[in-house]
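Student: Sequence:
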Amino acid sequence: MQFAIFRLRRNESCGFFRNETIAKHDVRHEIKFMKKTKLILTLILLNTILFSCSSDDSSNNSEPEPTTSKLVKTEKISETRKVDYTYNSNDLISSLNGTNNSFGYNSDFTYNSENRLTEWIYQETGSSSYSDTYVYTYNTNGLLSGYSANSEDVTITYNGNTITLTGTIEGDANSQAELELNNNGLIIKFTESNQYTNFEYDLNGNLISAQSYDNLDNLLSEFTIQYDDKINPFYGQLESIYIERFIEFFWEFDGIYIGGFEGYSFPFLKNNITSINEVSAGATTFSYTYDSESYPINVNVDYSGDTVIFDIEYY
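Going left to right, the sequence shown walks through residues 61 to 375 as the numbering used here numbers them.
I should point out that these hints are in silico values taken from the structure, not numbers from a laboratory.
From the three backbone atoms N, C-alpha and C, an ideal C-beta is built for every residue, glycine too.
Among the hints, erroneous ones may be present.
Stated by the list, open to error - Mimicking EDC-like on lysine to aspartate or glutamate, the simulated pairs with C-alpha atoms at most 16 Å apart in a straight line are: (1) 330 - 371; (2) 142 - 371; (3) 249 - 312.
As the list claims (entries may be wrong) - Pairwise CB distance ranges, derived in the manner of DEER restraints: (4) 189 - 268: 35 to 45 Å; (5) 154 - 339: 31 to 41 Å; (6) 186 - 358: 23 to 33 Å; (7) 288 - 149: 24 to 34 Å; (8) 274 - 351: 41 to 51 Å; (9) 139 - 360: 14 to 24 Å; (10) 280 - 168: 32 to 42 Å; (11) 222 - 273: 10 to 20 Å; (12) 129 - 276: 41 to 51 Å.
Build the full structure now, drawing on both the sequences and the hints.
Tutor: So this is what it looks like as structure tokens:
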């Protein structure tokens, strides 16, 4: 999603920024080039689900009330790099306001009567005036059937445990992708035109490994992820758009690009990541300080020697 650009634009803590005038598709390739430096992007990988894997069962497809008893109020690296959150009466995220040095950004979230996200409006202010609006639609079973935005126009169809996406995906016109689910509704295989990626999970639904292959079955990259046993404070948010979020972070997969800061952007992990290891490459480690209820209040992230520290405040 363009408004979740902070996956694509490494924030000040991670080393580089998006050029606010270029399209997201171009940003993705800029990031892939810059990834070849020794700065390792953070990650949070998969998790729990939002929809039933069966097209005739919609009982789990509403946005459930979050499974955490605390709601994040603020994530803060510094006075000029922080995010503030608000929630609706169902404890679902309703807005966020962030600062990133020279510009600000905000998002507003709208849900339908079944608590499924229907609209996400993103706006930047200050040195950037970029904006985007995502619109989400659902089928009669409550499953995400499509989404559109500045660089997206995606149709989603279901056939048992197989999901097909067609249209303009992440800025790529006339694209197609296929997802395979396990019996818990978690994505275990993501097939694109030139490669496919397999995913494995632990008993809590946390992603513990990802292996990417080309179409000749040659291994391209492999990652392993470890977790603590404490609750992820964003867990349970945005569940109705799990598919869109997954595509956002794993399209043209060549690594793990989800970070601890701005945890709302991929909130599907039940626990908190303690390490991300790229096999035969480097590692990113996460160290936490917890409050008396075992919620993280301080996070220290080490990107192969580059350290980022941020605090988490709760309502």
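Student: With reference to the structure, classify each hint as holding or not holding.
Tutor: Evaluation of the provided hints:
1. 330 - 371: violated (19 Å)
2. 142 - 371: With Cα atoms ~9 Å apart, residue 142 and residue 371 stay inside 16 Å; holds.
3. 249 - 312: holds (13 Å)
4. 189 - 268: 35 to 45 Å: Given range 35 to 45 Å: holds, Cβ gap about 41 Å.
5. 154 - 339: 31 to 41 Å: Distance hint for residue 154, residue 339 holds at roughly 40 Å.
6. 186 - 358: 23 to 33 Å: With Cβ atoms ~28 Å apart, the hint holds.
7. 288 - 149: 24 to 34 Å: For residue 149 against residue 288, whose Cβ atoms are near 31 Å apart, the range 24 to 34 Å holds.
8. 274 - 351: 41 to 51 Å: Holds, at about 45 Å.
9. 139 - 360: 14 to 24 Å: Distance hint for residue 139, residue 360 holds at roughly 19 Å.
10. 280 - 168: 32 to 42 Å: For residue 280 and residue 168 the Cβ distance comes to about 38 Å; the hint holds.
11. 222 - 273: 10 to 20 Å: holds (18 Å)
12. 129 - 276: 41 to 51 Å: holds (49 Å)
This entry does not satisfy hint 1, going by the numbered hints stated previously; all others are met.
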